[in-house]
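Spelled out, the chains give:
There are 2 protein chains.
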Amino acid sequence: MPEDDPYYVKGPLPETPEPPTTPEPWGETRVVGKPIPRIDAYERVSGSAIFPFDTMLPDLLHAAVLHCPHAHAMVKKVDVSAAEKMPGVHAVVTGSTPGFDLPWIPWYSDSTEPLGKLLDPHCRHEGEEVAAVAAETPYQAWDAVRAIKVEYEVLPYVATEEDALKPDAPALHGALKGNRVGDPAVYQRGDVAKGFAEADVVLEQTYRTACEIHTPMETHGATAKWDGNRLTLWESTQGVYSVQSTVAQTLKLPLSHVRVIGHYMGGGFGSKLGATKQTILAALLAKKTARPVKVFVTREEAFLSQGNRPPARMTLKGGVRKDGRLTALELKIVGISGAYPAGASGGIDFQVRDLYLCANVRTEATDVLINAGQARAFRAPGHPQGNWALEQMMDALAEKIGMDPVEFRLKNIPTVSQARDNQPYTSTGFKDCLIEGAKAFGWKEARTRARSTGPIRRGVGVAGGMWQGGSGGPPSTVIVKLFPDGSVNINMGASDIGCGTKTWMAMIVSEELGVPLERIEIEHADTGTTQFATPSGGSKTVPTEAPAGRAAALEVKRQLLELAAEQLKVGADELKVEDGAVVSTKDPAKKVEIARITALQRRGLLVGVGYRGPNPEGKAVNPFAAQFAEVEVNTRTGEVKILRFLAAQDSGRVMNRLTCENQVFGGVTMGIGLALTEERVLDRARTGKMVNANWHDYKIPTALDVPADKTVIAVDPHDTMCNTAGAKGLGEPATIPAASAVANAVYHAIGVRMTESPISPPAIVRALAEQAAKPGQQQRRRG
Amino acid sequence: MPEDDPYYVKGPLPETPEPPTTPEPWGETRVVGKPIPRIDAYERVSGSAIFPFDTMLPDLLHAAVLHCPHAHAMVKKVDVSAAEKMPGVHAVVTGSTPGFDLPWIPWYSDSTEPLGKLLDPHCRHEGEEVAAVAAETPYQAWDAVRAIKVEYEVLPYVATEEDALKPDAPALHGALKGNRVGDPAVYQRGDVAKGFAEADVVLEQTYRTACEIHTPMETHGATAKWDGNRLTLWESTQGVYSVQSTVAQTLKLPLSHVRVIGHYMGGGFGSKLGATKQTILAALLAKKTARPVKVFVTREEAFLSQGNRPPARMTLKGGVRKDGRLTALELKIVGISGAYPAGASGGIDFQVRDLYLCANVRTEATDVLINAGQARAFRAPGHPQGNWALEQMMDALAEKIGMDPVEFRLKNIPTVSQARDNQPYTSTGFKDCLIEGAKAFGWKEARTRARSTGPIRRGVGVAGGMWQGGSGGPPSTVIVKLFPDGSVNINMGASDIGCGTKTWMAMIVSEELGVPLERIEIEHADTGTTQFATPSGGSKTVPTEAPAGRAAALEVKRQLLELAAEQLKVGADELKVEDGAVVSTKDPAKKVEIARITALQRRGLLVGVGYRGPNPEGKAVNPFAAQFAEVEVNTRTGEVKILRFLAAQDSGRVMNRLTCENQVFGGVTMGIGLALTEERVLDRARTGKMVNANWHDYKIPTALDVPADKTVIAVDPHDTMCNTAGAKGLGEPATIPAASAVANAVYHAIGVRMTESPISPPAIVRALAEQAAKPGQQQRRRG
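Sequence order for the protein chains is A and B. In this text, residue positions in the first sequence follow the working numbering: the first is 1, and each later residue adds one. In this text, residue positions in the second sequence follow the working numbering: the first is 1, and each later residue adds one.
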């Protein structure tokens, strides 16, 4: 009975038309999709990989930056005279108030005007940059920073959105009206009032997510070196061309004179999508000292000023009929941008708009400023926050109508993008993710299994999710060079931000050219030497770059087969490449090793240029996920232990099974951090300052905090329509539902809805105490 | 009367067919051909250019090499125990005799088998490498080299070809028969015996040129660094791909794992066309020490072991009719390769084969080995030597038949390449060079001007010349990237060996795209990041690379005009690029700045890939030159002062008038060195060792040795057939006739034929004394 047991019946997928570009989709693959260790594993593990932080140059100077110690202050006077005389000090730069000597360099622009400057005397958050020193050693630079005397006028601050929106709150920017950034952004379709009227059950709940900090292993910064009027930067970045663009505009240089190199990078998660103040400071200090200068932030500075996932307050109202059909969703969002506008509420409502079938949807989003570091894009911006609200609400609605949470979600799965003119998806594996995930997880059994009523409670939770992006698209150019000995060099602009970009790109070329991976070398992420690429972010690196790489390899293959055909005196169309040789498919005796194709020796190199073609018109390309968690909650201490986790992902074709799993577990781990531990704590009452700007007090999950029992299911429908690699984005969808799955499992375990992240032990203990104080609450729990 | 005064009448040029490839030849140019300073002049002048010799890396070790101090010796025993214990020493490597620890790495191959090895116990010349040390500092490395104890068996040596060819001479290689390398190479056409019989005058003379050393400002060597099994080399080289190929083969690495970078190089002149022993030693020492290692030779080592223009003995017999037509030329050559075969006699006979019309030609060339450093290609290999013989013979024949030397040469100018199946030249400006050069030089007046009969004598001389190569040809690939702000990056594999390659390539792109030079950046000479190029040598860099660069720029232009046409809503064919904007040729109001083409902003970059097309079939492409010198000879001291020099060159289109003049004067200066001062002096009698391996005793001409009165005439027929840039090679033709012009001028001044280079003061004094002893010699001199 499919109606009763829908998730054991596989529904039809949207029709799949022909792929939009020429190459055939891969059939059986030899390399692509296999679990293959990274091609740069040796360098990464041995420590011989030179990350931008490791850059050493002859005559290198080291910089340190003086940061404002107050949540809100005005710099009245800066005295650098003592600092300048310190041993090893080559330059001290400050802003442009009296005693400041830098030109006005605008920073933090909204659409119309700059709201701050590089070294701004008006310090709107703790950690805002005030002055910088370049010296022979980092220690000398820090000593000199301590010798700079600054006179601050400490100003009143706001540390929460509630405080910020009070009528008498101190305004952060004279140019803006109060601390609200513009008018609320409203989305609506249908009629939510009508929808709620049609509902059998209507729930409304306010959810909150705490501020998360990116805090990547390698902090943010750059080393700058000038050759005449040309600038080279070694920057830890997700996008060298993006850095190049900002630096060229800021310093008024031609793009061709700004070379940005980012060969490795130790994590970014959205906080390294472009140039930072440190990039510009490195360039200015290098110019001033005529020496290369390295500016990297400390761990504390990374916490204070290098971005965050902005805290959100979300009030969600949901209506549902008893048969499980959603009738209306209404979401009100307050996003907290920090001290400068940052679109903090953006992306939050996407799950509500598009994940489930719902005719009547209204969302309203407001951004608010407070005296804290500016938000930046953080792995699936807005999505885990919105998912936290929606997927807990879905859980609550399912409970209210007495329906299994998986079954309830399956009732509401769209095959078109409702928020985008009902465009059909090129593929949607959401249904498969729920069905196959639930099956593999043993959902039904786990959900109904008798659980302890003692102090340790078990529970399982599910959450679905989708990512707004992940389609990728042009522009991208990749060049493949085949050397006459059959070895290969790949040239691409994209950064490998830790997801194995170099590895799968090499796998694609290996797939098409039959060249072993160990004979493939990659030059990438260098605006001086490689081709253009947009920053690696938005889960679009595979779908953007893979088709271009494949096209380049196929172009080389075409040339190679032509040369071999001439030598073998057969048609090129009967030839294939296999194990470093070109061989006839008709007569295996007609064979020549690549290294023995004489015309190739003469040519020196075969060069194939590949471009990313356009996306299919009128189609939506999105990745989906369903994730399942089982937790154990200690009701006496409030501790939550995650026992097992299963992630079912629809991201189209998997490029590398090994790095796919790594990436999904990484995303899940980040979601666990959001759910249970991560939170920027501001001292609202007395100073407005962050009290946990370090890895001891700000707790990110480590290997000990994630379950050993982890499963990744890749629902792989071989989407042949999205692009010529058949792949959609993976990095962000992996993290979107993870926190919600944990929260729903916690609810299932303890019967109390934890609406605020992180679900810390004290919060659980407090919530359980409140629940115990209300008689009759126990009945709400399902067996 | 054209017949009497032929060089004031401009003769017809060969017919010019359509160019072989698509782009139109340039008409009026805005940038190409103008005198423009090098785009890297700042770096070169300020010292901020990092030459390979300047490479500094963290943890860099410095190497020193122990060289054999004997002209010929066998290493019996090497004791490195003391050296290994010296402070700072990280590795000592030696050969593979007892106590040697390196694998047998072959070196110096003839066509069949290796004749030596990397650290060969059989040292066949002074300076041959015996052992190498890597240490923290160069001084520590040298101290350790001195602490290596070597037991040599000193062997008998040969220092001249006469000694080498004696029946009882010690043989350098057991694998060869005696010291003669193979059988003599013979070329012939027609019948020289018949030709000499038809002649009215026959002369025979033996000429000699001394051994010249390249001795470039930057010496030879490399810095090597391993990342896992991938090797990066910073090498001072004319061709990074050539180095890559040898290193990969020698060390059995895939080409893709050998990255060779050569961004600047301080002179090569043919001695840096490929990897040297130092390259391999750097790689081996870096592997052994797990540190980067720099191996550069000292100045003395550069003299001893990094190549030379081999000495030549040439016996030339010429026959001419009274009307000035050549009837026969016969040339017998002995070239001296040094201790290993090097094709020392190659190229010498080309002038004799092809410069002048002559039906009957025979040449015979023999290579001989002696105990001295191996010859290498040296700016126009063989040609200045052969020219020294031919052009002095032409002078002597002209005198014998009483004809002006310019007039005599003009009588014998071919329009087809006689040595190559009478293929017509795409263009030959030889006639123009002689006519226009003579006119500008004031040849007739200077030649007939009354000269002093006192101790200071004046004379003028002329010499013609041509270069065997200079056509260029495929393969070459250049990529041009246009950034959205209209600035440009050029990617090319070619080295800029000092001739301004980067500058003219930028000029070509500027010409086609209207981008100012200061907005163009170049990435070049890096096998990891750039496109394939053959080594910069053979005067082929412009004709090979310029068409590829032009094609790449035109491809970008095509894309740019298409994007602009869309935005301006006009046809792309009516658009042109001008001053950073695209503008309609029909309506100047239809105009958009490149930086405002929105589709370009979206694309991020335009990428144009350009290839070098084939050369025209059945045609010969050669550059020509005629050069004129006026000298003053002090007959008491033998000193020669060059008063003025004029070089008339036919190299097709001039790419940059300024670097063209620099290059021609550089070539002429080198010719002056050959004529007057440069000579490797071996101690034939007692040790066989070089006695002047330094810049004090081996005299290369400096600014004080060349005349202030220098003129370059570029006979520019806009050769539209040779290739799409219209340019032929320039570097080598500039040096080919220079020494001969000086020698002929000296003869004109003193009436004594100086047949051996260098024409040193003692040689002149000796020759004049011999002349004075023979009565009646004065009569040979023309007024």
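None of these hints come from the bench; they were simulated from the model. Every value quoted in this text rests on a predicted model; they were computed, and no experiment measured them. Heads up, some of the hints might be wrong.
[Claimed, not checked] Quick list of simulated restraints, FRET-style, between CB atoms:
1. 138/B - 288/A: 52 to 62 Å
2. 149/B - 88/A: 44 to 54 Å
3. 56/B - 85/A: 24 to 34 Å
4. 56/A - 48/B: 11 to 21 Å
5. 138/B - 106/A: 46 to 56 Å
6. 56/B - 106/A: 29 to 39 Å
7. 138/B - 299/A: 35 to 45 Å
8. 618/A - 56/B: 15 to 25 Å
9. 114/A - 56/B: 55 to 65 Å
10. 585/A - 571/B: 41 to 51 Å
[Said to hold, decoys possible] Simulated crosslink set (DSSO-like; lysine-lysine; CA at most 27 Å straight-line):
11. 586/A - 576/A
12. 591/A - 252/B
13. 252/A - 591/B
[To be verified] Partner residues are not named here, just some residues of chain B that face chain A (Cβ under 8 Å, in silico):
14. 56
15. 154
16. 241
Ideal placement from N, C-alpha and C gives every residue a C-beta, glycine not left out.
These are the hints, each one checked on the structure:
1. Checked against the hint of 52 to 62 Å, the pair residue 138/B and residue 288/A fails, with Cβ atoms roughly 33 Å apart.
2. Taking the beta carbon of each, residue 149/B and residue 88/A are about 45 Å apart, inside 44 to 54 Å as hinted.
3. Taking 24 to 34 Å as the suggested C-beta distance range, the pair residue 56/B and residue 85/A conforms, at roughly 29 Å.
4. For residue 56/A paired with residue 48/B, a C-beta distance near 19 Å keeps the hint of 11 to 21 Å intact.
5. At about 49 Å, the beta-carbon gap between residue 138/B and residue 106/A stays in the expected band of 46 to 56 Å.
6. The hint said 29 to 39 Å for the Cβ distance between residue 56/B and residue 106/A, and at roughly 37 Å that hint holds.
7. Restraint check, residue 138/B to residue 299/A: a C-beta distance of roughly 40 Å satisfies the suggested window 35 to 45 Å.
8. The supplied range of 15 to 25 Å is broken by residue 618/A and residue 56/B, whose beta-carbon atoms lie about 57 Å from each other.
9. Range check, residue 114/A to residue 56/B: Cβ separation about 40 Å, and the 55 to 65 Å hint is violated.
10. Here the CB-CB span from residue 585/A to residue 571/B is close to 46 Å, well matched to the stated 41 to 51 Å.
11. Using a Cα cut-off of 27 Å, the hinted pair residue 586/A and residue 576/A holds, with the two alpha carbons roughly 10 Å apart.
12. Distance check on the hinted pair: residue 591/A and residue 252/B sit about 24 Å apart at the alpha-carbon level, within 27 Å; holds.
13. Using a Cα cut-off of 27 Å, the hinted pair residue 252/A and residue 591/B holds, with the two alpha carbons roughly 23 Å apart.
14. Below 8 Å, beta-carbon pairs count as interface contacts, and residue 56/B has one with chain A at about 4 Å; its hint therefore holds.
15. Residue-level restraint check for residue 154/B is violated (minimum Cβ-Cβ distance to chain A is 43 Å; threshold 8 Å).
16. The beta carbon of residue 241/B comes within 6 Å of a beta carbon in chain A, closer than 8 Å, and the hint placing it at the interface holds.
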